[in-house]
Amino acid sequence: MDDYVTGVLTNIGLFSFLALSAYLLLIAGEMSFGQQAFFGVGAYSGGILTAIYGLPLPVAALVAMLLGSLCAFLVGLPTLRLRGLYFAMATLAAAEMARILFELFRFQRQIGGELVGPDGTQGFRGIRWVFERGVEPAGYLALVWGLLLIALVVFLLMERSRLGATLRAIGEDPDLARSCGISVERFKLGVAAAAGALAALGGVLFAHHNTYIEPRNFDIMLGVHSLAYALIGGLGTAFGPLLGVMVDLGVLEGSRVFQGYRMIAFGGLVAILLIFRPRGLLDEKVVHWLRARFS
Amino acid sequence: MLVDLIQNTLDGLTAGAAYALLAIGFTLIFGVLRRINLSYGPAIMLGCYAATWFHVQFQVGLLVLAALTLAATVLAGAYVERLCFAPHRDRSAIAAMVASFAIWMQLEELATLVLPNHLYAFPALYEGGPLSLGPFTLRAEALVMFAVTVLACLALQRLLYRSRFGLSVRAVIDQPVAARLVGINLPWVFVRVFAVASALGAVAGYLIVASAGQVTPMLGMWSTLKGMLAMMLGGLGSLPGAIVGGLALGLIEAHSQWFFGPQVRDLTAYFLLFALLALRPSGLWTTPRHG
Amino acid sequence: MSALLEVKDVVTAYGKIEALKGVSLEVQQGSITCLLGPNGAGKTTLMMSTAGILRPRSGSIQFAGAEIAGAAPHAIVARGIALVPENRLVFPGMTVTENLRAGAYQRADKAEIEAHIERMFARFAPLKARATQLGGTLSGGEQQMLSVARALMSRPRLLLMDEPSLGLAPLIVDEIFRIIAELNKDGTTIFLVEQNAHMALKVANHFYLIEQGKVTFSGDPGSLAEDEVIRRAYLGSARA
Numbered sequence: 001m002d003d004y005v006t007g008v009l010t011n012i013g014l015f016s017f018l019a020l021s022a023y024l025l026l027i028a029g030e031m032s033f034g035q036q037a038f039f040g041v042g043a044y045s046g047g048i049l050t051a052i053y054g055l056p057l058p059v060a061a062l063v064a065m066l067l068g069s070l071c072a073f074l075v076g077l078p079t080l081r082l083r084g085l086y087f088a089m090a091t092l093a094a095a096e097m098a099r100i101l102f103e104l105f106r107f108q109r110q111i112g113g114e115l116v117g118p119d120g121t122q123g124f125r126g127i128r129w130v131f132e133r134g135v136e137p138a139g140y141l142a143l144v145w146g147l148l149l150i151a152l153v154v155f156l157l158m159e160r161s162r163l164g165a166t167l168r169a170i171g172e173d174p175d176l177a178r179s180c181g182i183s184v185e186r187f188k189l190g191v192a193a194a195a196g197a198l199a200a201l202g203g204v205l206f207a208h209h210n211t212y213i214e215p216r217n218f219d220i221m222l223g224v225h226s227l228a229y230a231l232i233g234g235l236g237t238a239f240g241p242l243l244g245v246m247v248d249l250g251v252l253e254g255s256r257v258f259q260g261y262r263m264i265a266f267g268g269l270v271a272i273l274l275i276f277r278p279r280g281l282l283d284e285k286v287v288h289w290l291r292a293r294f295s
Numbered sequence: 001m002l003v004d005l006i007q008n009t010l011d012g013l014t015a016g017a018a019y020a021l022l023a024i025g026f027t028l029i030f031g032v033l034r035r036i037n038l039s040y041g042p043a044i045m046l047g048c049y050a051a052t053w054f055h056v057q058f059q060v061g062l063l064v065l066a067a068l069t070l071a072a073t074v075l076a077g078a079y080v081e082r083l084c085f086a087p088h089r090d091r092s093a094i095a096a097m098v099a100s101f102a103i104w105m106q107l108e109e110l111a112t113l114v115l116p117n118h119l120y121a122f123p124a125l126y127e128g129g130p131l132s133l134g135p136f137t138l139r140a141e142a143l144v145m146f147a148v149t150v151l152a153c154l155a156l157q158r159l160l161y162r163s164r165f166g167l168s169v170r171a172v173i174d175q176p177v178a179a180r181l182v183g184i185n186l187p188w189v190f191v192r193v194f195a196v197a198s199a200l201g202a203v204a205g206y207l208i209v210a211s212a213g214q215v216t217p218m219l220g221m222w223s224t225l226k227g228m229l230a231m232m233l234g235g236l237g238s239l240p241g242a243i244v245g246g247l248a249l250g251l252i253e254a255h256s257q258w259f260f261g262p263q264v265r266d267l268t269a270y271f272l273l274f275a276l277l278a279l280r281p282s283g284l285w286t287t288p289r290h291g
Numbered sequence: 001m002s003a004l005l006e007v008k009d010v011v012t013a014y015g016k017i018e019a020l021k022g023v024s025l026e027v028q029q030g031s032i033t034c035l036l037g038p039n040g041a042g043k044t045t046l047m048m049s050t051a052g053i054l055r056p057r058s059g060s061i062q063f064a065g066a067e068i069a070g071a072a073p074h075a076i077v078a079r080g081i082a083l084v085p086e087n088r089l090v091f092p093g094m095t096v097t098e099n100l101r102a103g104a105y106q107r108a109d110k111a112e113i114e115a116h117i118e119r120m121f122a123r124f125a126p127l128k129a130r131a132t133q134l135g136g137t138l139s140g141g142e143q144q145m146l147s148v149a150r151a152l153m154s155r156p157r158l159l160l161m162d163e164p165s166l167g168l169a170p171l172i173v174d175e176i177f178r179i180i181a182e183l184n185k186d187g188t189t190i191f192l193v194e195q196n197a198h199m200a201l202k203v204a205n206h207f208y209l210i211e212q213g214k215v216t217f218s219g220d221p222g223s224l225a226e227d228e229v230i231r232r233a234y235l236g237s238a239r240a
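Protein chains in written order, with my numbering: chain E, 1 to 295; chain C, 1 to 291; chain Y, 1 to 240.
Worth flagging that the hints you see were computed from the coordinates, not collected in a lab.
Every value quoted in this text rests on a predicted model; they were computed, and no experiment measured them.
Be aware that one or more of the hints could be misleading.
What the hints assert, rightly or not - Below, computed lysine-lysine pairings styled on BS3-like, alpha-carbon distance capped at 30 Å:
1. LYS128(Y) x LYS8(Y)
2. LYS285(E) x LYS128(Y)
3. LYS285(E) x LYS16(Y)
4. LYS128(Y) x LYS110(Y)
5. LYS214(Y) x LYS128(Y)
6. LYS110(Y) x LYS185(Y)
Build out the structure end to end from the sequences listed, making use of the hints.
Here it is as structure tokens:
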């Protein structure tokens, strides 16, 4: 495998966490335009912990996930009772606030003769924990995909459980779910916190893959992309978001066939797809059919 | 200090006038279709780009430029309506919104394919320096912006309250089911509302790039965000609210920029939006809806 | 008399749930025909399907000989059907006069519309005093009158009325039914959905009972004892 292919595959893995995060909220009936903020929180906090405090990556990742879910919880607290577009707008506002806070965030320390740490709009250089330990690109790829696999397995188990059924019930008809005795608000808060942790994990991995992050990485474009990934791939299964990321990063960008007008192709594709399959390629019907066939 | 405060207020109202125009277009679409059109700003940007392209090729005059901006924006708006909103009419608002985002990507790349530089000069409305009124300065463009915004609002008011089309628009905003029951052809209203909203957006876009003297692809995202923000501040779907929201946004931005700098300016605007949504989701100036 | 409206085997569904399971009925030209039945029997669904707001899954709806099932609401209004919807649905943010003007949306005869509005004010006196008030500020009875007047502004040949007495005080209900009888005398065919079987049977020429998405009885007001009709209209025969 050459480095280019490895890079593309790693990126697919990284952004799948973010897409899964958006997907989790979508099946609970909420459209968040702000998951990129928690991706950013993960990237910044993970980077600071390894690059400045010298903590090992797994510890940093755990702390970052906790922080991501805490932030998501705090944003969800006043906003999750809002409906539909209002929630979408509130999360968008929260995420843009986070991005501007990243721009204002300066926290640099002398490490080994150079300044390391977030430097406002100049970004955050030198997140080299993985690089310094001599991890090959292929090794990192395996790490990212290993973690993604774990996340997917958890998702699949969750979706077959009572928890998954509850989640979809809330997504389809919150009022009905409420009348069945489900505490919808509490449930959604839990979902938001979990989605925040997922996004943060993606962010940590993203920061250590690139070694350099800047506030611009976490703008609204990233958030809407993650939503689009989940919607193209389909809301029927956790493989949906992954498929969505593959279509964009793998086929359109990775193949380099559409170089220079990838967005024209991607944009048109998404718009046309949504007309014919408004809940994505792998929607509930297709997944149901596949399950009936193969199990 | 007082002079600065007043000067900031003037600047804020100028910016606010442009925001108000953007918000009115946004609100028309939201009020009638109950959908968020993320491609609203990018369509305006494409309109301005089309005009810029003509200017680069043929050196056309100001009026021709304005007409071109208008025509191209309305055309781009029609494309967005056909692809993102017409097919999702009776279906998911989320799908329509994501589709409008997808088309945003398209329009933005299209613009940069046609004119690849990051920045293009756009003929200014007025070549002279700012006018001074005692200790205050006011750019001539600001006066034009104000005048045009007021005129556009009056024209819209007339259209909404004095025409059959206006009656149908208000009926659809007020009570969509009843609007269908009295025989209003909804799809046709949607198409025309899109055209009017795009035209208003084009006016705003033209004035904005002409006062800035330049156009960049960022105009798309900028217009969508400002328009949406002003609409939310004024209360979703209320047209007078959109005007108040636009002016309020301009004022908030001007004052917080003067006190805290540009980053905090944006932060304040988003914080306000967030707080408003969390505390008062129906907006600041909305009247409670009946029925 | 001939059938102005002919509904045949209409099935309308919300997702997987069929609210109408093959409904057939007729409304004779010049009649007041009434549809009675318990809540959830499909009365409003039939009204919405006839007006084009809901699209029947199968079956046929013929109006004056033309097929209208699945047509757009504005096309159905153009043919001469107007619906006074359940819960009235006046335009809350528009004045009473504007509400009436909206009712005449498809008409082009401007001068005649204004004269028609004046005639409406003469017929529905309480509305005249409220002409410049917003629809949302009217009382329930006034909103009901406005909703009826608005529907009449399109000069319909067939007026569909969905529970016009719902939530109104007895005195106002009497007034509404007086208006219904009067409209019918002036030549408008009326198809009425009601919960108030007692009042409905007084004005109707013919009635149908609908239960769980199916017509279960059809006859003239005298053909079934009133208490039996009322019992079935409220409770349905299955639960009796």
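Against the structure, the hints come out as follows:
A C-alpha spacing of about 41 Å is found between LYS128(Y) and LYS8(Y), which places the hinted pair above 30 Å, so the restraint is violated. A C-alpha spacing of about 55 Å is found between LYS285(E) and LYS128(Y), which places the hinted pair above 30 Å, so the restraint is violated. Only pairs whose Cα atoms come within 30 Å are accepted, and LYS285(E) paired with LYS16(Y) is accepted, the gap being roughly 14 Å. Our distance criterion of 30 Å between C-alpha atoms is met by LYS128(Y) and LYS110(Y), whose separation comes to about 19 Å.
Pair hint LYS214(Y) plus LYS128(Y) does not hold up; C-alpha atoms about 41 Å apart against a cutoff of 30 Å. For the hint pairing LYS110(Y) with LYS185(Y), the CA-to-CA distance comes to about 27 Å; that is within 30 Å, so the pair holds.
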